[in-house]
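Now for the letters of each chain:
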Amino acid sequence: MSKLILGIESSCDETAVAVVEAGRKEIASVIHSQISEHAPWGGVVPEIASRSHLDQILPVLDRCLEEAQLELTDLAGIAVTTKPGLIGSLLVGVGAAKGLALATDLPLVGVDHIEAHVYAAAMDLPAPPYPAIALVVSGGHTALYLAEGPLSMKPLASTLDDAAGEAFDKVAHMLGLSYPGGPSIAKLAPKGDPRAIPFPRYRPKDGSIGFSFSGLKTAVLYHLRGGDALAATPAPEDIVDAANVAASFQEAVVDALVKMTLRAAQDNHLDQVLVAGGVGCNQRLREVFAAASEPDGIETHFPPPNRCTDNAVMIAGLGWHLFEAGRAADLDLDASPR
Amino acid sequence: MINGAGQGGGCMVRELVLREIVSHSSEQTLAIGEWLGRELPSGTLLALDGDLGAGKTTLTRGIGQGLGGYPVSSPSFTLHDLHEGGRLPLSHCDAWMEGREVAFLRDGGSEWLAGEGICVVEWAERVREWLPCPRLWVRLLHRTLQTRRLELRVLGPDGSPEGLTQVLVQLLERLPESGESP
Chain A
1 MSKLILGIES SCDETAVAVV EAGRKEIASV IHSQISEHAP WGGVVPEIAS RSHLDQILPV
61 LDRCLEEAQL ELTDLAGIAV TTKPGLIGSL LVGVGAAKGL ALATDLPLVG VDHIEAHVYA
121 AAMDLPAPPY PAIALVVSGG HTALYLAEGP LSMKPLASTL DDAAGEAFDK VAHMLGLSYP
181 GGPSIAKLAP KGDPRAIPFP RYRPKDGSIG FSFSGLKTAV LYHLRGGDAL AATPAPEDIV
241 DAANVAASFQ EAVVDALVKM TLRAAQDNHL DQVLVAGGVG CNQRLREVFA AASEPDGIET
301 HFPPPNRCTD NAVMIAGLGW HLFEAGRAAD LDLDASPR
Chain B
1 MINGAGQGGG CMVRELVLRE IVSHSSEQTL AIGEWLGREL PSGTLLALDG DLGAGKTTLT
61 RGIGQGLGGY PVSSPSFTLH DLHEGGRLPL SHCDAWMEGR EVAFLRDGGS EWLAGEGICV
121 VEWAERVREW LPCPRLWVRL LHRTLQTRRL ELRVLGPDGS PEGLTQVLVQ LLERLPESGE
181 SP
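Going down the list, the sequences are from chains A and B.
Be aware that the first sequence starts at 1, since it is given in the working numbering, and climbs by one per residue.
Be aware that the second sequence starts at 1, since it is given in the working numbering, and climbs by one per residue.
Hints were generated in silico from the structure; no laboratory data involved.
The C-beta atom is built at its ideal place from N, Cα and C for all residues, glycine as well.
Wrong hints could be hidden among the right ones.
What the simulated footprint calls covered on chain B by chain A, stretch by stretch (three residues with Cβ under 8 Å from a Cβ of chain A suffice, anywhere in the stretch; the number is not a length) [unchecked claim]: (1) 29 to 38; (2) 53 to 61; (3) 119 to 126; (4) 142 to 148.
Output of the computed footprint for chain B on chain A, the stretches with three or more beta carbons under 8 Å from beta carbons of chain B [what the hints assert, rightly or not]: (5) 37 to 49; (6) 149 to 160; (7) 166 to 175.
Examples of chain A residues lying across from chain B (beta carbon under 10 Å, computed) [stated by the list, open to error]: (8) GLY140; (9) ARG225; (10) GLY227; (11) ASP228; (12) LEU230; (13) PRO234.
Extracted from the complex, chain A is given alone in its bound form (with noise of 0.2 Å):
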């Protein structure tokens, strides 16, 4: 009995296609990523993004099974993300799923992506994890679970206004840097001082767990223009100390995502952390995680780069989960923005 998955993944500016055998070992995994076609815009375009996936969710599918030497009725079943993402993205890996599924009588599944980036952190360990804090924090959301199994995720707390991700991206637009903002935060930031500037950590008043990245973003502008709200904003090649700008910014922000979900991980009583998403690249934020995990006894398990931005690998794997729990879908599978 084939134990193979494919999974197709199209929620956001990546068109991608994996095989996976038993939730667990990567057979093939390719990608192809939009991220040229959407620079020129600051930001991924909805209309060129779904016209980029049709074009491509074929021949990523084709090269796929090609690199895992394949055939479609090697398969055990389809896993496709069906949730949250931009709708037109989610329909072209839907369909081609669900036209998988009817030429082929394989059965499907719907993923939840932010559940399957969590299942990323995971997949790897030699033994499972659960129950973890898990941090989902990317372009689209900054947000604790309680992740009691790959399957059951609790939200605990998520961010009141800016995800991190995207306070990376108006940052850096602030200090005339290219879109993506983390990476290119990340390149400027180990030539500045992180304590250059005191930036605020947000804490919420009431002592809860929870994020919020607006204030920060404000207090980068009203730095650079000199403490002075009235002020103009200087253009960013009359920005002197661009990179403690950088530096000091990061530090905040990994300083907050640290310390929420290690006091999550506490008040829970729980020794197990999974952080997941694209801003999990980010290389400071996995050093303080490190260093600030270890005195507590905690483990913090973060995805292999590869899989920290959108990827199908995840979703064939937590794809078989569901198959294993008896949640395959039939052929109205739909998709949905969040």
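Given the structure of chain A, go ahead and fit chain B onto it with the hints provided.
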């Protein structure tokens, strides 16, 4: 006169009423938003503009609260969030990246601007040509590090206000500065 002619509006609009309020804290901005969320009539297009950090998302969070506890956050990434289940649906758009938003509006997103419920557009100045009239236009300005000036205007067609325009004008006239209903 503000020229509102464009794909979305197609009308000349003028300023019918202006309210200026100083907000002394983000809590006050939130409370003003909540009041608007409780009171705004269906079909309102609320255009928001102002610098980064001036409080656009904070005001919208208040509106989401007032409409029915919607968990509003920044839609910069998704471009458009739809919240349903409260007093009225809330459609929340963000034109921070102008080119992206115009592509979104051109791609059918513009139907959200004049739909049932409340539509809030952040960075509205960048897509002004797309916005229907009448509209409630709120500009948030940095004043000191903690305080903001809110300029709230109803922009509507020439002539004496009627229908939705009239409702918006009256609403703005009785908006409490604190956001707390008397």
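Hints versus structure:
Counting residues of the region 29 to 38 of chain B whose beta carbon lies closer than 8 Å to any beta carbon of chain A gives 0, which falls below the threshold of three, so the coverage claim is violated. For the region 53 to 61 of chain B, the stated coverage by chain A holds: 4 residues have a C-beta nearer than 8 Å to a C-beta of that chain, and at least 3 were required. Residues of the region 119 to 126 of chain B with a Cβ under 8 Å from some Cβ of chain A number 0, which does not satisfy the need for three, so the listed coverage is violated. With 4 residues carrying a beta carbon less than 8 Å from a beta carbon of chain A, the region 142 to 148 of chain B meets the three-residue requirement, and the given coverage holds.
With 9 residues having a beta carbon nearer than 8 Å to a beta carbon of chain B, the region 37 to 49 of chain A meets the requirement of three or more and the stated coverage holds. With a cut-off of 8 Å between beta carbons, the region 149 to 160 of chain A has 3 residues touching chain B; three or more are needed, and the interface restraint holds. Coverage of a stretch by a chain is defined here by at least three residues with a beta carbon nearer than 8 Å to that chain's beta carbons; for the region 166 to 175 of chain A and chain B the count is 4, and the condition holds. Checking A/GLY140 against chain B: minimum C-beta separation of about 4 Å stays under 10 Å; hint holds.
With a cut of 10 Å, the hint placing A/ARG225 at the interface with chain B holds, because the nearest CB-to-CB distance is about 9 Å. Taken as an interface hint, A/GLY227 checks out: its beta carbon lies about 8 Å from the nearest beta carbon of chain B, inside 10 Å. At its closest, the beta carbon of A/ASP228 sits 9 Å from a beta carbon of chain B; the interface hint therefore holds under the 10 Å criterion. Checking A/LEU230 against chain B by beta carbon gives a least distance of about 6 Å; that is within 10 Å, so the hint holds.
Proximity of A/PRO234 to chain B is violated relative to the hint, the smallest CB-CB distance being about 14 Å (cut-off 10 Å).
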